[in-house]
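With the hints as constraints, model all of the structure from the sequences given.
These protein sequences, in sequence, are chains W and H.
All the letters of the first sequence, read from the start, carry residue numbers 1 to 558 under our numbering.
All the letters of the second sequence, read from the start, carry residue numbers 1 to 558 under our numbering.
Be aware that a few hints might be false.
The calculated lysine to any residue pairs, modelled on SDA-like cross-linking and capped at a C-alpha distance of 20 angstroms, are [said to hold, decoys possible]:
id	chain 1	residue 1	chain 2	residue 2
1	W	K335	W	S445
2	H	K544	W	K325
3	W	K495	H	E63
4	W	K544	H	L442
5	H	K136	H	H207
6	H	K31	H	P157
7	H	K545	W	L54
8	H	K335	H	H207
9	W	K346	H	R342
10	W	K325	H	H396
11	H	K325	W	H396
12	W	K66	W	E378
13	H	K66	H	M421
14	W	K409	W	E378
15	H	K544	W	F113
Below, a sample of chain W positions facing chain H; criterion: calculated Cβ distance under 7 angstroms [claimed, not checked]:
id	residue
16	D47
17	P50
18	N349
19	S352
20	H396
21	V446
22	I448
23	G449
24	G453
25	D457
26	R458
27	G462
28	I472
29	E486
30	G489
Since the hints were made in silico from the structure, they are not lab data.
As the structure is a prediction and not an experimental result, all values here were calculated from the model.
We put the beta carbon where it would ideally sit given N, CA and C, even for glycine.
Number of protein chains: 2
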Amino acid sequence: MSKNRLIYLPLGGAGEIGMNCYVYGYGPVDKERLIVVDLGVTFPDMDTTPGVDLILPDISWLEARKDRIEAIFITHAHEDHIGALGHLWPKLKSKIYARRFTATIGRLKFDEFGHPADAITVVAPRPETVEAGPFKVQFIPVAHSVPESSGLVIDTPAGRIVHSGDFKLDRSPVVGEPWNDEMFRDIAAERPVKALMCDSTNVFSTHQGRSEATLGEPLRDLIMRSRGMVVATTFASNVARLKTLAEAARAAERSVCLLGRAMRRMVAAAQESGVLKDFPPIVSPEQALEVPRGNLMLIVTGSQGERRAASAQLARGKYLGLEMKEGDLFLFSSKTIPGNERGVIKIMNAFSEMGVDVQDDAGGLYHVSGHANRPDLEAVHTLLKPSFLIPMHGEHRHLREHARIGLSKGIGAEVVTNGMMIDLSGNSIDVCEYIETGRTYLDGSVLIGAMDGVVRDRIRMGLNGHALATLILDESDDVMGDAWVELMGLPERGKTGAVLAETLEAELGDYLGRAGTKVLADDDKLEEAIRRIVRQVAMEEIGKKPEVTVVVSRLQEG
Amino acid sequence: MSKNRLIYLPLGGAGEIGMNCYVYGYGPVDKERLIVVDLGVTFPDMDTTPGVDLILPDISWLEARKDRIEAIFITHAHEDHIGALGHLWPKLKSKIYARRFTATIGRLKFDEFGHPADAITVVAPRPETVEAGPFKVQFIPVAHSVPESSGLVIDTPAGRIVHSGDFKLDRSPVVGEPWNDEMFRDIAAERPVKALMCDSTNVFSTHQGRSEATLGEPLRDLIMRSRGMVVATTFASNVARLKTLAEAARAAERSVCLLGRAMRRMVAAAQESGVLKDFPPIVSPEQALEVPRGNLMLIVTGSQGERRAASAQLARGKYLGLEMKEGDLFLFSSKTIPGNERGVIKIMNAFSEMGVDVQDDAGGLYHVSGHANRPDLEAVHTLLKPSFLIPMHGEHRHLREHARIGLSKGIGAEVVTNGMMIDLSGNSIDVCEYIETGRTYLDGSVLIGAMDGVVRDRIRMGLNGHALATLILDESDDVMGDAWVELMGLPERGKTGAVLAETLEAELGDYLGRAGTKVLADDDKLEEAIRRIVRQVAMEEIGKKPEVTVVVSRLQEG
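This is the structure we're talking about:
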C-alpha cells in the first residue's frame with residue numbers, strides 16, 4: 001500500500017444547503033496537495049445571525065495550508081457556490097478555474113474587490129483537462145438553474161472521483177446543454193468511478209424531475225389570459241427561466257422590462273458569455289412607463305421576499321416610477337426556500353391589499369426545481385456505478401436518506417458532514433480526522449468568527465433589552481452623587497406602574513449606601529453586585545432579566 | 001329606517017391568521033350594546049417581536065366602552081381564540097359564555113390568574129340560547145381540530161348572523177359531533193341569514209377536505225411497521241388525533257406515554273369534560289423507562305419546533321430520562337405553520353444525526369387540516385344562503401379570495417380587516433369607521449403597546465449592536481479623564497486591526513479636546529456630537545452604525 005492517500009474534507013455544504021466548500025487532497029499524510037471545489041456563502045437570519053451580512057465558510061484549515069493548494073474550481077455561478085470567492089480569495093491567492101459564464105460572474109465580483117481578473121481561468125468542458133498537482137480535472141456540463149453548471153471529473157492516482165455539482169436530468173433545459181446519459185456512461189467506462197460526491201437537495205422528492213421546457217406553455221397561457229400589467233419574479237441567475245418568461249411575454253405582445261440590479265447583470269453576463277441568444281428586446285424602466293399596462297411585463301428580483309429587492313419595493317409602493325395596480329398579476333415563478341415564508345407571505349398580502357392577483361407556482365405549473373429528484377439520483381448512481389457514494393449539498397436528513405439509497409443498492413455510502421476528513425484510498429470510507437471548522441460572518445465590513453460572541457450578545461440584547469448602570473467614585477472610594485441607569489429595549493414602567501429606571505436607581509442607591517468599603521474598592525465585586533441587583537429588580541418589576549453593562553468611573557487625585 | 005344599527009368590528013383575526021377578536025354591536029349610533037367573540041393571541045417571532053412572550057389584540061376601544069359590553073363568547077379552546085382571555089378579562093370584567101370543554105380550559109387559565117371561575121358560564125349547544133342585551137346567541141357544534149368547537153348563530157333585531165368559528169365539514173370527526181348539513185339548512189330556513197362571517201384559512205386548498213377518520217388506518221400501519229420506539233407529535237389540543245394515535249399504538253401493542261405539560265393537561269380536561277371517552281391507558285414517563293422500546297409510543301408536544309416543548313428537548317438529548325435512539329421513529333402528525341419551518345427542520349436534522357427515522361405528514365397521509373377547504377366553504381355558502389359574506393380568520397389574500405368566491409355566486413361580500421367597523425343594517429355593507437387598533441405585547445410580566453418603541457429598540461440593538469460612551473465633566477464643564485466606550489454586540493477590532501473601543505475613545509478624546517465651552521456646557525449638544533462621532537467612526541472601522549447611548553455625568557459643587 002502506498003503511503004499516499006486520497007482525502008475528502010467538506011468545509012461547507014455537507015449538513016446544510018448552502019455555503020458549499022469541498023476540499024480534496026492527495027499525497028503523503030499531512031503533505032497532501034489540495035484542490036478546493038466551490039467557495040460559497042449562506043444567508044443570515046434574524047433568529048440566529050441578526051445584523052450579519054453574509055455567512056462564509058471558515059477556511060482557517062485551508063489558510064494554514066495554502067502553500068499546498070493547487071487550484072480552486074467553481075462549479076457554477078450560484079451564490080452558495082461562488083459567493084465567498086471575492087471575500088476569501090485574498091487568504092488563499094490560488095489559481096481559479098471555471099467555465100465561461102461562471103468566470104464572467106466571478107470576474108465581476110473580483111472587479112468590485114479590486115482583485116485581478118486573470119486569477120480566474122476559463123476552462124472548456126471535457127475533454128479539456130486542468131492539471132493541478134496530482135489532480136486532473138474536467139468540467140462536465142450538467143443542467144441546473146443557472147447557465148453552464150458543471151460537475152467535475154477529478155482523476156487522482158488513487159482513482160477517479162465524480163463531483164456532481166448541482167444538477168438535474170433535464171433533456172430540454174431551454175438554455176445550455178441537455179442532460180446526456182452517454183457522457184456519464186463514458187466517464188464510468190473510461191475509468192471506474194471510485195467515489196461519487198452527489199447533490200442531495202431533492203432526495204425526498206419521489207417523482208421524476210420535470211424539464212424547464214415544460215413551463216413554456218403554461219406561462220404563455222397565464223400571461224395571455226392577463227389583462228393588466230404582469231410582473232414575474234424568479235431567481236435572477238435562472239437565465240433559462242428569464243428567457244421562457246420573456247418569450248411568453250413576447251407571444252402575448254408585451255414589452256419586457258427587467259427590474260433589479262442582479263437581474264440586469266445576469267442577463268448582460270449571459271449575453272456577453274454567449275450562453276443567452278435570442279433574448280427578446282428589453283425596454284428600460286423609463287420606457288416601460290410609456291407602455292400601456294396590458295402590453296407590459298416586468299421580470300423582477302426578489303422571489304424570496306428579500307426586503308431590498310424589486311418585488312418588495314413594488315409591494316411597498318412605487319419603484320423607479322412603476323407601480324402595481326388593481327387587476328395586475330404578480331407571478332412567483334419560483335418556490336419559497338424554507339425559512340423565507342414570512343417575507344414572501346408579507347409581499348403576497350401587500351399585493352392583495354392593492355387588488356393585485358398573486359399567483360404562486362401552482363404546485364409546479366409555473367416553476368420546476370433545478371435539482372435531481374430521487375429517481376434521477378438513482379439513475380445517476382446506475383450510470384456511474386461508483387464504489388462509494390458520498391452525499392453532499394444537503395442537510396443531515398438529506399445526506400442520510402441519500403446514503404441509505406446507496407447502501408440499499410450495494411454502494412458503499414457514508415454520511416460525511418462539514419469538518420469530517422475521510423480517506424478514500426482503500427476499500428472502505430475511513431474517517432481520519434475531525435477538523436475544527438465552522439462559519440465566518442461578514443459583519444459590515446469585517447469578518448468575525450461565529451463563536452466570537454458578538455452575535456450572541458446581539459441576540460441577547462434583542463431578546464432581553466439592555467440596561468446600563470453608571471457610577472462615579474471619588475479618590476476615597478466614596479460614591480459621588482447617585483447611580484444612573486439608562487434602559488434600551490425595556491418597558492418604561494413595571495407592573496406596579498413605577499418608572500423602571502427610577503426603581504432601579506433607588507434600589508442601587510440603597511445598596512451603595514450600605515455597601516462596605518471592600519466592595520466599593522473592588523471594581524469586579526462592585527460591578528457584579530450592581531449587575532445582580534439590576535437583574536433581580538427588573539425581574540420583579542417587569543418579569544425579565546436584561547443584559548447589564550456597568551461602568552464604574554473612579555476620580556483620580558489630580 | 002330605525003335609528004338603531006347593527007355593526008361588526010374585527011379587532012384581530014381579519015388580515016392575519018391568529019389573535020381572533022370580533023365585536024358585534026346593536027343599538028343607536030355610539031350607544032350600541034356590544035358582544036365580543038373570542039379573545040385570542042398570536043405568537044411572536046425574532047424578526048418582528050424579539051423577546052415578546054405573547055401578542056394580544058389591542059382592546060382599548062372595547063375598554064373605553066366596557067359598560068356597553070353584554071358578554072364575551074368563546075367559540076373554541078385554541079390559543080388564537082381563547083389565549084388572551086386570562087390576560088385581558090380584568091380590563092373588561094364581562095360575563096363569558098362557552099361550551100363545556102372550552103369553559104374547562106378557560107377556567108384552568110382563570111385559576112392561574114386568580115380570576116373567578118364563575119365568570120365563565122357553560123352553555124349547551126343550540127337550541128339553548130343566551131340572551132345578551134339585544135343579541136340572542138346559540139352555539140352550533142362544528143368539527144375542527146379541538147373538541148366542542150362551535151359556530152354561533154347571533155340573532156339581532158336587524159337580522160340573523162352566523163359566525164362560523166373555525167370549522168371543517170367532517171362527517172366522522174373521531175371526537176365530537178359530525179358535520180350536519182341538516183342543522184345548517186334549518187338555521188337558514190328558520191330565519192334568513194343576513195351575514196355569514198366565515199373562516200377563510202383554507203380558501204386556497206382546492207380539493208375537498210378529508211375526515212379525521214381517514215388517518216386511523218395509515219397511522220396504524222406505520223406504527224405496526226416500526227421496530228424501535230415511536231414518538232409522535234401533534235397539537236396537544238387535537239384530542240381526536242391523540243385518540244387516533246393512542247388507538248394505533250394499542251393496536252400495535254404499545255404502551256402510550258404523554259410528554260409535555262399541555263398534552264397531559266388537554267387529555268385531562270377532555271376526560272373531565274366528558275368529550276374524551278375510551279382513551280387507552282397511559283403510562284407515566286417513569287413507567288415508560290421500564291417498557292421495551294418496541295412496545296412504547298410517546299405522544300409529545302412541539303409539532304411546530306417550539307424550543308421548550310418535548311420534541312425539541314428530545315432532539316437535544318434526554319427528556320425525563322427518555323431518549324431517542326437509532327432505529328426509532330419520530331412522526332410529525334402535523335403540518336408546519338408558515339414561519340415555523342426553521343425550528344421544525346432543526347429538530348428533523350437533530351433526530352437524523354441520532355439515526356432516528358423522521359416521518360412528516362407524507363402529503364396528508366398522517367395529518368388532515370381542521371379547516372374547511374374551498375369546495376367545503378362553497379357548500380356552506382349554499383346551505384346558509386347569506387345576504388352578505390364577510391370572510392374572517394385569514395390574511396388579506398385569504399379574505400380577498402374568499403370574498404371573490406362569494407361575489408362570483410351573487411353574495412354581497414367585502415374584505416373587512418382589523419379596525420374596520422361596518423354597518424350591516426341596510427341592504428349593503430357600509431364602512432362606518434376606521435378604529436385605531438393594533439397589538440398589545442405581553443413582555444415578561446407587563447403589557448406594552450406595539451408602537452411604544454421598546455421592541456423597535458431591541459431590533460435595532462440586535463441588528464446594529466450597542467455602543468455606550470460615558471464622560472465626566474467637572475463643575476466648570478471641563479472634561480475629567482477620558483471618554484470611556486463600552487461595546488456590546490460589535491466586533492472587537494475594525495478592518496485595520498485596531499481595537500474599536502480604543503479607536504472610538506481616541507476620536508472622542510480628539511473631539512473633546514477641541515470642543516468649545518458652548519457644547520461642553522450643553523448636554524443635548526454634547527450627546528449629539530458624541531453619538532455622531534461614534535456612528536461615523538464605527539462606520540469607517542467596521543462598516544456598521546451601532547445604536548449609541550451617551551451618559552454625561554456632571555460633578556456638582558459639594
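For each hint, the structure was consulted:
1. W/K335 to W/S445: violated, 31 angstroms
2. H/K544 to W/K325: violated, 37 angstroms
3. W/K495 to H/E63: holds, 19 angstroms
4. W/K544 to H/L442: Roughly 11 angstroms between the alpha carbons, so the hint for W/K544 and H/L442 holds.
5. H/K136 to H/H207: Between H/K136 and H/H207 the Cα gap is close to 35 angstroms, so the pair fails against 20 angstroms, i.e. violated.
6. H/K31 to H/P157: The given pair, whose Cα atoms are some 15 angstroms apart, holds under the 20 angstroms limit.
7. H/K545 to W/L54: It holds: about 17 angstroms lies between the C-alpha atoms, which stays within 20 angstroms.
8. H/K335 to H/H207: Given that 20 angstroms is the threshold and the Cα spacing comes to 17 angstroms, the pair holds.
9. W/K346 to H/R342: holds, 17 angstroms
10. W/K325 to H/H396: holds, 16 angstroms
11. H/K325 to W/H396: holds, 16 angstroms
12. W/K66 to W/E378: This hinted pair is violated, its Cα atoms lying about 37 angstroms apart.
13. H/K66 to H/M421: holds, 17 angstroms
14. W/K409 to W/E378: holds, 9 angstroms
15. H/K544 to W/F113: holds, 19 angstroms
16. D47: With Cβ-Cβ at 4 angstroms, under 7 angstroms, it holds.
17. P50: holds, 4 angstroms
18. N349: Hint on W/N349: holds, closest Cβ of chain H at ~4 angstroms, below 7 angstroms.
19. S352: Because about 4 angstroms separates W/S352 from the closest Cβ in chain H, which is inside the 7 angstroms limit, the hint holds.
20. H396: holds, 4 angstroms
21. V446: holds, 5 angstroms
22. I448: Where the cut-off is 7 angstroms and the nearest Cβ of chain H is about 5 angstroms from W/I448, the hint holds.
23. G449: Violated. Min distance 10 angstroms.
24. G453: violated, 9 angstroms
25. D457: Status holds, d = 4 angstroms.
26. R458: Hint holds; W/R458 Cβ to chain H Cβ min 4 angstroms, cut 7 angstroms.
27. G462: holds, 3 angstroms
28. I472: Since the shortest Cβ distance to chain H is 6 angstroms, the answer is holds.
29. E486: Constraint on W/E486 satisfied, holds at 5 angstroms.
30. G489: holds, 4 angstroms
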